[in-house]
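Asks: Go ahead and model the full structure; you've got the sequences and the hints to work with.
Chain by chain, the residues:
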Amino acid sequence: MNRKFLSILLTTSMILMSVASVRAGKFETVDITAGAPSPIPGHILAKVIQIKWDQRAIPVPYRINNTLNPIPNPLGPAFLSVADVSAGIQNSLNAWNNIPSSYINMQVVGTTGNTGLIRFDMINEVTFRTATAFAAIASSPSTALISDTTLEAGDDIDGDGDSDVSAAITVIGDADSDGDNEFPAGTYKAGTILDNDVQFNTKTSNGFRFTIDDAQVDTVTRSVDLECVAVHEFGHSIGLSHATDNQTNASDGNGATMFPLIDTGDPVAELNQATPDLDDIAWAAFTYPEGTAASGPAALQAGDVPFASAFGIISGEARHGVQNRALAGASVYAVDRSDNSVAVSAYTGTTNLSFNPLTGQLFFVPAVNFSQGVENGNYAIPVPPGNYSVGIEAVDGSPVSAGQINFTTQIGNFYGQQNFHEEFWNNNSEGAIERDPGDAKNAHVNAGFVTGGTNITTNNQFTIAPFGAATNIGFINPPAGGFIYAVQFPAAEVSALNGGNPTLLQMGQFDTFLLDASAPALFAKASLCTGVINPDTTATIDLANPLTSSVTFLSQDTDFGPFYFKNPHDLSETVRLGIAAGTIQNLFLVLQIPSAPFPGVSNQPPLIGLSSVAPIRGRSFLSTNGGLTFNRRNDFNFRFSLVASQIPPTP
Amino acid sequence: MKKITLGSCLLIVIALLVSARWGTKADDAPPADTLGTPDTTLAAALSLEEMVNQSDVIAIGSCSNAQSVWVDGSLVTVATVSVSETLKGAGSETLTVVLPGGIDANRKIPVSMSYPGAPRLTPGENAFLFLTAAPEFGNNYTVAGFSQGKFSIVNDEDGEPMVSRDLSELSLRGNNGVRRGPSNVLPLSSFKEQVKGYLKN
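In order, the protein sequences belong to chains A and B.
For the record, in the first sequence the residue sitting at position 104 is 104 according to my numbering, with numbers rising by one throughout.
For the record, in the second sequence the residue sitting at position 28 is 28 according to my numbering, with numbers rising by one throughout.
Everything labelled a hint here was simulated from the structure, so no lab data went into it.
No incorrect hints appear here.
Listing some non-contacts, in silico: residues in chain A with all C-beta distances to chain B over 10 angstroms:
no., residue
1, Asn-66
2, Pro-77
3, Asp-84
4, Asn-97
5, Asn-98
6, Pro-100
7, Val-171
8, Pro-184
9, Ala-294
10, Gly-303
11, Ser-341
12, Ala-491
13, Lys-525
14, Ala-544
15, Ser-549
On the chain A side, residues computed to face chain B include the following (Cβ under 10 angstroms):
no., residue
16, Ser-139
17, Ser-147
18, Leu-194
19, Leu-353
20, Gln-361
21, Leu-362
22, Ala-367
23, Phe-414
24, Asn-419
Ranges of calculated distance between the beta carbons of each label pair, as one might list FRET restraints:
no., chain 1, residue 1, chain 2, residue 2, range
25, B, Glu-136, A, Val-109, 24 to 34 angstroms
26, B, Glu-136, A, Gly-154, 33 to 43 angstroms
27, A, Thr-132, B, Thr-94, 17 to 27 angstroms
28, A, Gly-35, B, Thr-94, 24 to 34 angstroms
It should be emphasised that the depicted structure is a prediction, and the values quoted were computed from it without experimental measurement.
Glycine included, each C-beta is placed from N, C-alpha and C at the ideal position.
Replies: And the structure:
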């Protein structure tokens, strides 16, 4: 996510906090309570909702599986005891429990002797047993209600023959001392979690060595700190989805704990996962807002901070500019303008699936009935008071895919909506055709209030992307002169955009990577330059007189970093006139790595995405002598793209 | 140095990645100053080439049915895929794929079981699938690399089938790499050719 802000303008209106429904940052199931008819005959619409614990199920009790003691170590002798694990797991739970504006509370209450795998048994189990086919580090499946349900005393929720509901209790617990949990009798909303288990993979074939001492964190990729993994998994346990934030700002490459990847070869990044990031904290607090009840877990207690005192909300609606309709499953994110840090992100849209009540099957609502599949593109981002820029990006696999998040992102993908370029909200200039997609206006947020109307329409743009799928990343071990990468965009190709009609050159995009997740994707310089191709196939690029440039350019990790051009209108006119006069033969997107030493345990510079997929277009150049010579690469296309737009109407 | 998926994701051994990056035989090795990487930025666990090599079946098809069943106290979804093309493995008109999690509305207390980041197949959904045999589920299959082995196929505004996920491409229409829209989707035909290319090696 780029943090470039070109102007500041107070644009928001403040209303009392009254966001009734938000749909992001959330791990989801469906609600079939209403039973509204689906466009598919015989089906009903199933509303996509978040899963969460009911207040009567808090504190959430967890039990540690004690049938593997010590805990298996696939890399050597076992050294971790169940007692060690119990303490470590409680530390991980406390990472969420200790958020002052969230009333979630989870506690280790004992052990369980399950010699099998996790299952729906009304025991919240933490286990180191996993199925043969399970190859992840860990997982946190939850069983939840899919309709509003009245649980009556004596109900057997999990079907094991004994009662799981008691009228004699007001809070979850083992009321009949049979080892599993009973819920208090009463009515519960769809989405209520009934059972959650967390499993950690220790199999010799594909498992991991889990440690609990920070001093044991190392660069061995199959060794990982238990608590950092557990904090992530318990984030799912309280109903949070994966996040897309994998970089905070130009000095901190670490992202959210709920980002779905962990760099087990980077000790700094690994340990960072054990501490919830602002994104994680905000969503835990938004899901379990402290101070929203007069009694029970949500009532204020010593040390609590009311959610409404600590957070406000940025809300709006997202639309897909090409499809001209509501946008589901896009990632919207707030960037703190005081330090250009990515603060909190969310996903757009209120969505439905189609449910066959006879067979229990879920279907996508057919594309011709889009409006019933996607009710709207609404979003809400909980943030501390402050000034924010609001950006939007597709959940398109870079850095995570729609399938890694939740139903809503998948629904957006099903309708072909995860296919637009990143941009910022720019208030009255929002539209499918914009003058400057990098122009970020200010969304001011006060605690306890909603800053509404931050409506975003994604752009309809042209992209010159002369490369194939990424096959490599590079380059490592730079010489003293460093690396300067450049990709050629011939004048004829630029002129031909939009059928030869005038266009706005708006941004370049650089596909960039890092070897260490804790390092930021910080480059020395990004620029758009002119140049020529010499008879010997080298390029001469006018680095001294760039058309536009950004010094200390912050790109993205495992994603295309947008390089928004300054004043696209004037820039485009300069290019148009230069091409017409023959003084501009080519444009070059240029990216220069910083000087050594590089942050991170690998001591390597930020890398770029490379493609060896044919055809190799011969438009990618590399300089290793500070830009004096650019040599053509005949083995790769560098994954840099040039983005343009039609000329928008004059405001 | 290597990013692997938490919780849901990722599965598969990190060592595969490392070996893929550094230990390939000479004639397959990337230049010394690059890393053989993922086209799946996702992380890393399985590159497309690794996924091709490790899959028992690679097929393109449409999910025609997805039924949840209980197995040892857990819900799984048994999806039937009508196969339109098989790129690897024995050809078959249909395949049965077992996915973690599911939904059961036909009980007194209707519930769902959900795994964060797990692959899902929904009836009517078109997909490009990399599958591994799952002996514990009879002669059926699971998705390779947890969610990594499932690629959704959706049509773009012009009706062209595109594979979604970060497969960026862009050989695009015309011959100069120009297209409308972003670069994070890949025409199905191009993706298929890339997979076939790995199959020949």
